[in-house]
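Chemist: Take a look at the letters that make up each chain.
Protein chains: 2
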Amino acid sequence: MTYEQLSVGDSASMEKTISESDVYTFADVTGDFNPVHLSKTHAEQSLFGERIAHGMLVGSLFSSVMAMQMPGPGGIYISQSLEFVAPVKFGDTVTATVTIKEKMEKRRVRLACSAVNQRGKVVVQGEAVVLPAK
Amino acid sequence: MTYEQLSVGDSASMEKTISESDVYTFADVTGDFNPVHLSKTHAEQSLFGERIAHGMLVGSLFSSVMAMQMPGPGGIYISQSLEFVAPVKFGDTVTATVTIKEKMEKRRVRLACSAVNQRGKVVVQGEAVVLPAK
Chain A
0 MTYEQLSVGD
10 SASMEKTISE
20 SDVYTFADVT
30 GDFNPVHLSK
40 THAEQSLFGE
50 RIAHGMLVGS
60 LFSSVMAMQM
70 PGPGGIYISQ
80 SLEFVAPVKF
90 GDTVTATVTI
100 KEKMEKRRVR
110 LACSAVNQRG
120 KVVVQGEAVV
130 LPAK
Chain X
0 MTYEQLSVGD
10 SASMEKTISE
20 SDVYTFADVT
30 GDFNPVHLSK
40 THAEQSLFGE
50 RIAHGMLVGS
60 LFSSVMAMQM
70 PGPGGIYISQ
80 SLEFVAPVKF
90 GDTVTATVTI
100 KEKMEKRRVR
110 LACSAVNQRG
120 KVVVQGEAVV
130 LPAK
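Taken in sequence, the protein lines are chains A and X.
The first sequence: position 11 = 10 (numbering that gives the first Met the number 0), numbered continuously.
The second sequence: position 121 = 120 (numbering that gives the first Met the number 0), numbered continuously.
Read the hints as simulated data drawn from the structure, not as lab findings.
Keep in mind that a hint or two might mislead.
Given that identical chains are not distinguished, each listed pair holds provided it fits within a single copy or across any two copies.
[Stated by the list, open to error] Derived DSBU-like pairs: lysine-lysine, alpha-carbon spacing no greater than 30 Å straight-line:
1) Lys88 with Lys133
2) Lys102 with Lys15
3) Lys88 with Lys39
4) Lys133 with Lys102
5) Lys133 with Lys120
6) Lys39 with Lys15
7) Lys100 with Lys133
8) Lys105 with Lys39
All values derive from a computational prediction rather than experimental measurement.
Using the sequences and the hints, build the whole thing.
Modeler: Dropping the structure here:
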């Protein structure tokens with residue numbers, strides 16, 4: 000979608016159950032082998048009680064929604080902020096939603112980003128700025 | 000490292016050559032199949048001229064440095080901001096560095112994050128807030 004086709008309030012989302020395989024693969028690609036993600040033994044003694052997904056894996060779903068749906072391919076990703084509000088455990092189903100919050104100058108759009116789990120609890124939230132394709 | 004062991008100016012970094020395989024695997028995990036990452040034909044006609052890595056893949060290296068080195072395992076990731084300043088092409092070698100910028104209240108630390116390519120050009124930059132392990 001172009002800048003002109005977008006309106007404040009427009010939104011798009013994707014839903015994904017975060018698997019053990021996702022987390023292990025994300026660790027391989029990024030080099031983040033923090034035992035809270037990869038070790039049951041360690042994670043059981045942590046604040047979270049069990050292994051959790053990387054926050055950046057969950058945050059990357061926003062990037063995916065923006066690239067695949069709104070504004071869609073051809074957009075240029077300018078910035079992203081993320082707050083890691085609550086843990087995502089293996090098997091949790093995350094719905095990541097982006098909503099146009101502001102049509103900015105220079106044909107950019109600001110999007111509110113919110114990811115919730117299957118109980119509707121916010122797990123990651125933030126904002127993105129994207130320059131949609133012409 | 001604990002809050003007490005950290006000083007403003009302390010830094011840590013990791014270096015990685017971003018491969019085609021990294022980008023394809025990141026696409027599989029996140030669902031971001033934007034053709035600018037996965038299609039030579041599409042990318043050749045884009046602003047970038049060739050396929051580029053996902054910005055969030057590069058940004059995730061900061062998370063990795065913080066989890067693996069400083070402050071290290073056991074820290075809690077509170078927030079991350081990222082600006083995608085320049086593209087990372089397949090085969091580029093990225094050095095991601097985090098530097099303690101501020102010791103905040105509530106035993107949190109603010110880290111400056113900067114990723115540069117093999118020519119020393121900044122590709123992604125931002126800030127993170129982490130609660131180090133006790």
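Chemist: Compare the structure with each hint and give your call.
Modeler: Verification of the supplied hints:
{"no.": "1", "hint": "Lys88 with Lys133", "result": "between (39 Å within a copy, 23 Å between copies)"}
{"no.": "2", "hint": "Lys102 with Lys15", "result": "within (28 Å within a copy, 36 Å between copies)"}
{"no.": "3", "hint": "Lys88 with Lys39", "result": "within (12 Å within a copy, 36 Å between copies)"}
{"no.": "4", "hint": "Lys133 with Lys102", "result": "within (15 Å within a copy, 43 Å between copies)"}
{"no.": "5", "hint": "Lys133 with Lys120", "result": "between (36 Å within a copy, 27 Å between copies)"}
{"no.": "6", "hint": "Lys39 with Lys15", "result": "both (22 Å within a copy, 27 Å between copies)"}
{"no.": "7", "hint": "Lys100 with Lys133", "result": "within (19 Å within a copy, 38 Å between copies)"}
{"no.": "8", "hint": "Lys105 with Lys39", "result": "between (48 Å within a copy, 28 Å between copies)"}
The structure agrees with every numbered hint stated previously.
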